[in-house]
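Student: The listed protein sequences derive, respectively, from chains A and B. For the first sequence, the working numbering gives the first residue as 39, with consecutive numbering after it. For the second sequence, the working numbering gives the first residue as 13, with consecutive numbering after it.
It is worth saying that the hints were derived from the structure and are not from the lab. Some hints could be false.
Claimed, not checked - Here are the simulated lysine to aspartate or glutamate pairs, DMTMM-like style, with alpha carbons at most 25 Å apart: (1) A:LYS257 to A:ASP524; (2) A:LYS381 to A:GLU467; (3) A:LYS85 to B:ASP238; (4) A:LYS143 to A:ASP179; (5) A:LYS52 to B:ASP147; (6) A:LYS469 to A:GLU444; (7) A:LYS405 to A:GLU395; (8) A:LYS243 to A:ASP341; (9) A:LYS85 to B:GLU284.
Said to hold, decoys possible - Derived Cβ-Cβ restraints for the label pairs, each shown as a range: (10) A:GLY198 to B:PRO283: 33 to 41 Å; (11) B:TYR232 to A:VAL278: 41 to 49 Å; (12) B:VAL308 to A:LYS85: 23 to 31 Å; (13) A:SER226 to B:PRO283: 42 to 50 Å; (14) B:PRO283 to A:ILE523: 51 to 59 Å.
Here the structure is a predicted model, which means the values were calculated and not measured. Virtual Cβ for every residue (Gly too), placed ideally from N, Cα, C.
The primary structure of each chain is shown beneath.
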Amino acid sequence: MKRTPRDTDGSHRKVSRRALLMGGAQLAVVAGLGLRMRYMQVVESGKYRMLADENRINIRLIPPARGLIFDRNGILLAGNEQNYSVVIVREDAGDNVHDVLARLKDLIPITDEDVENTIKEMKRRSPFVPITVADRLSWEDLSRVAVNGPALPGISPSVGLSRHYPLDTDLAHVVGYVGPVSERDLKSLDDPDPVLQIPDFQIGKTGVEQKLEDDLRGKAGTKRIEVNAVGRVMRELDRVPPVTGRNVQLTIDAALQDYLHARLGGEAASAVVMDVTNGDLLAIGSSPSFDPNLFVRGISYKDYNALMHNDHRPLVDKSVAGTYPPGSTFKIVTGSAALHAGKLNTNETIYCPGYIELGNRRFHCWKHSGHGHLNLRGALEQSCDVFFYEVAQRVGIDAMSAMAHELGVGVRHDLPMSAIAEGLAPTKEWKRRVHKQDWLIGDTVNAAIGQGFVLASPLQLAVMAARMATGTALQPRLVRSVDSIDQPRTPAPPLGLHPFALDGIRSGLFSVVNGSHGTARTARIETDGMTMAGKTGSSQVWSITAADRARGVIKNEDLPWNRRDHGLFVAYAPYDNPRYALSVVIEHSGGSHPAALMARDIMLQTLYGGTPPLTAYPSFQRKDIEAQQNSLQLRDLAAPTTPARART
Amino acid sequence: MSYLEYSVKTIPSGLKKVLYVNWALVILLSAVCGVGFLMLYSVAGGSMQPWAEPQVERFALGLVVMFGIAFTPIWFWRNMAGVAYLGSLGLLLLVELIGTVGMGAQRWIDIGFMRLQPSEVMKISLVMLLAAYYDWLPPKKVSRPFWVLVPVVLILVPTALVLKQPDLGTAILLLLGGGVVMFVAGVSIWYFVVVAGMGAGLVTLVMMSRGKPWQLLKDYQFKRIDIFLDPGSDPLGAGYHITQAKIALGSGGWTGRGYLQGTQSRLNFLPEKHTDFIFTTLGEEFGFLGAFSLLVLYVLVVAFCVSAAMQTKDRFSQLLILGVAATFFFYFAVNMAMVMGLAPVVGVPLPLVSYGGSAMLVLLAAFGLVQSAHIHKPRGR
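Using the sequences provided together with the hints, build the complete structure.
Tutor: What follows is the structure, given as structure tokens:
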């Protein structure tokens with residue numbers, strides 16, 4: 039086809055025009071692309087840079103080693119044990135993971151279930167993630183794995199730290215135990231430490247472990263690692279080492295604690311020993327106990343059930359959480375209140391006919407035939423109830439309550455232990471508020487001998503004994519030092535109690551143990567200069583009707599054992615120059631006698647700092663005592679049960 | 013226009029042709045390919061394998077092809093236009109039957125040393141055929157409905173075949189490339205206005221149909237649109253690619269994180285980092301300056317082509333060059349828009365930079381045609 043030049047020129051011009059139009063449009067697009075580039079790479083660059091870093095950098099926490107807990111003599115109570123485990127990395131194990139695990143099974147004690155779980159876990163995780171096959175292996179097992187390394191591709195030994203309580207049952211209630219972080223733990227903390235998010239990280243659940251968590255935990259270290267898109271660690275960028283938790287030293291004397299536990303035996307009992315010179319709690323025992331190591335490892339359902347359903351309630355710390363009607367030990371309070379208020383003088387005698395009548399109700403003395411004429415000292419010695427019925431009516435419940443608080447009963451003592459009970463020293467106002475009833479004179483009479491509403495924990499009873507012994511408002515203390523820094527101690531201020539009142543009560547307490555009619559005469563100490571003073575008590579828990587009065591006391595049980603009275607004893611020694619005070623409560627022992635004997639044994643052990651000579655005991659008891667001393671199984675704490683490596 | 017219209021004496025012959033090669037364009041293209049080698053070396057973690065070395069080899073092969081085509085007179089290629097188109101169409105049909113399924117789509121024919129993508133070849137063949145068509149068609153008839161319908165069919169047939177593979181990106185490029193040749197050839201602007209209006213109407217209709225009984229797209233297709241509009245709505249799923257690409261680009265800043273230092277590509281956060289998303293690595297490692305420089309290189313390539321087209325009076329040459337330039341433009345514009353989150357992810361490589369043999373060879377061959385047109389343009393009077 040032939041074309042005219044005009045035609046060609048016209049079409050050429052049109053092409054040029056259209057081409058320019060095109061070019062213009064293209065330039066506009068390019069300008070748009072350029073602007074977008076500038077916006078993303080210059081204006082918003084910071085945002086994307088941050089996102090890129092977030093992509094690639096993972097911060098991993100390095101768990102800190104938990105602070106150690108020692109007794110007053112440096113014996114380890116809670117340490118960190120090397121936990122040897124074996125891990126497998128799938129991508130290193132090659133194709134025959136099953137063969138490798140089968141070979142591993144011949145070397146170390148793992149079950150088919152472990153193998154199955156490992157394989158299941160491996161399928162869920164990326165191939166480079168190490169998966170624990172077995173933990174808590176012995177060093178021998180670990181060595182066997184290491185030696186056979188070439189035959190076990192992908193398997194490697196690994197070492198971690200886990201909490202260990204070398205004295206297991208002795209301090210289960212005091213030191214407590216650690217456990218995995220629960221959802222509730224996370225919620226209850228205002229500013230959850232990121233370290234809590236580490237899988238398997240453990241925090242204090244009870245006792246000192248829980249209360250001093252902040253000191254013990256330490257601070258997590260961090261390492262920044264670069265990861266790729268599937269999470270594989272490419273390299274470590276930097277690392278901040280973790281800060282080990284602070285070590286805590288308790289006032290507890292592990293040897294005494296061990297003796298105390300052995301002496302408490304299988305009784306549902308508790309005892310508290312206190313150094314009256316400074317308030318240090320030397321031993322706090324609650325029996326029966328449990329092995330806290332079980333909880334660290336994850337207690338089995340069976341074990342837990344056994345503990346839960348034991349009628350002696352091993353999980354409850356009876357020494358601070360258990361409250362009991364203090365029985366006759368409360369006569370110390372009643373007597374002190376009366377003396378201090380000037381409603382009684384030490385020489386005054388009151389006649390005990392065996393009962394008193396109030397309105398139409400008769401209140402008996404424990405000795406129904408009556409004690410006859412008694413002064414305060416005699417009334418304490420023989421634990422005459424009528425004497426204190428009379429005295430209590432003179433002084434009134436509110437003054438008694440105030441005196442109880444002064445002596446440390448009905449007061450919540452601040453110690454780093456779990457579930458510390460407040461006890462109860464009732465007042466008129468209290469009864470109105472709680473029971474919506476007026477206080478009756480009968481209530482006062484009941485309270486006079488530590489029955490009725492009155493409740494005290496063994497800890498409070500020990501504090502009461504210590505305060506009587508020193509005349510000061512001594513505070514109990516459990517932590518001696520944190521991170522080798524001694525906890526500050528302030529000298530105890532004197533009690534608001536006239537010296538003559540103190541002397542009056544003290545001489546009574548002396549007679550209880552050493553007097554010819556003393557209710558704890560068989561529990562006397564014969565050694566010169568170690569004379570013990572004390573007060574017996576027994577409380578009839580089940581004769582009291584109102585259910586809430588029995589708070590802290592066994593419920594839902596109707597074994598014959600639990601209908602018996604609780605036996606109590608508070609004491610301090612030496613009488614002339616008090617060093618130690620203690621309290622013993624044995625549930626349902628039927629009377630105060632076993633408690634008094636136990637208290638004497640513990641006191642002697644404390645005074646002698648070890649097994650006392652038989653000469654300390656009344657001669658007629660020495661044979662039995664010798665047999666008892668030989669039968670007690672004590673730990674050999676001289677050779678520490680804690681290997682040096684556990685201290686790292 | 014025929015061979016006879018050329019003043020034969022003014023056509024360079026023999027070694028003289030070398031002098032008439034548009035060397036600036038060759039250098040520009042080599043520079044773009046050089047950027048490609050650099051980036052392929054980088055995304056392989058600083059290694060010639062597995063991408064940079066084969067790419068260099070294909071570039072060498074492509075240069076030979078380009079010069080071979082360049083030194084062959086342009087009228088030969090005009091006469092080959094129909095053959096090339098039918099051949100490409102045949103290959104497209106062939107790939108339907110025996111093609112290798114890769115990346116969820118049937119695109120390649122394995123021809124031994126490389127995998128051939130007939131759809132790539134078709135892009136150039138189509139431009140060639142349309143240029144020849146309008147060279148043949150008297151300009152007066154250009155806007156007559158019948159003569160408009162013919163090229164539309166010529167465009168839609170291969171587009172439909174490519175769409176069936178499915179390869180949305182290439183289909184769009186075919187449509188746009190063909191459309192540009194028609195536009196430049198002088199087809200009445202009203203056709204384009206009407207088509208654009210109908211397209212807009214269709215999009216509106218489709219979007220309005222959502223959730224109605226007469227919904228025009230499947231739910232998952234709507235979801236893809238959602239993800240395009242807001243990649244953050246599915247950062248680990250379908251939006252992952254585009255989100256990571258934006259992070260890589262954006263984190264480059266002014267000057268980038270340094271060669272071989274891009275964490276996004278280094279650590280495999282980037283998808284398809286050696287093909288469609290290679291621009292993000294460039295942006296990450298060389299920053300705005302690097303990315304913008306590549307854009308400038310591309311623009312210069314297009315500009316030199318347009319300039320070459322303006323210099324020749326041969327209608328076929330003009331239309332061919334402009335068509336090639338437009339196709340090339342759409343390549344990089346769509347790719348860049350895609351990785352910068354301005355366009356949906358449709359699978360268009362970055363021309364001459366992304367790893368891929370077919371695209372490299374075809375593009376260099378196309379520029380061979382441009383050179384041929386330039387060398388053999390009518391000179392003098």
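Student: All hints, please: hold or fail.
Tutor: Status of each hint after checking the structure:
With a C-alpha separation of about 22 Å, the suggested pair LYS257 of chain A and ASP524 of chain A falls inside the 25 Å cut-off, and the hint holds. The hinted pair formed by LYS381 of chain A and GLU467 of chain A meets the criterion: a straight-line CA distance of about 22 Å does not exceed 25 Å. Taken as a hint, the LYS85 of chain A and ASP238 of chain B pair is honoured in the structure, with Cα atoms around 23 Å apart against an allowance of 25 Å. For the hint linking LYS143 of chain A to ASP179 of chain A, the alpha-carbon distance of about 11 Å falls within 25 Å, and the restraint holds.
In summary, the hint linking LYS52 of chain A to ASP147 of chain B is supported, as the alpha carbons are separated by about 13 Å, within the 25 Å threshold. Proposed proximity of LYS469 of chain A and GLU444 of chain A is supported: the alpha carbons are some 20 Å apart, at most 25 Å. With a CA separation close to 15 Å, the supplied pair LYS405 of chain A and GLU395 of chain A stays within the 25 Å bound. At most 25 Å may separate the alpha-carbon atoms for a hinted pair to count; LYS243 of chain A and ASP341 of chain A meet this at roughly 18 Å.
Between LYS85 of chain A and GLU284 of chain B the alpha-carbon distance is near 23 Å, which keeps this suggested pair within the 25 Å criterion. Evaluation of the 33 to 41 Å hint for GLY198 of chain A and PRO283 of chain B yields a pass: the beta carbon distance comes to about 38 Å. As the Cβ distance of TYR232 of chain B to VAL278 of chain A is approximately 47 Å, the hint placing it in 41 to 49 Å holds. Our hint of 23 to 31 Å for VAL308 of chain B and LYS85 of chain A holds, since their Cβ atoms are close to 26 Å apart.
Separated by about 44 Å at the C-beta atoms, SER226 of chain A and PRO283 of chain B satisfy the suggested range of 42 to 50 Å. For the pair PRO283 of chain B and ILE523 of chain A, the supplied restraint of 51 to 59 Å holds, since their beta-carbon distance comes to about 57 Å.
Consistency with the previously given hints is maintained throughout, with no hint failing.
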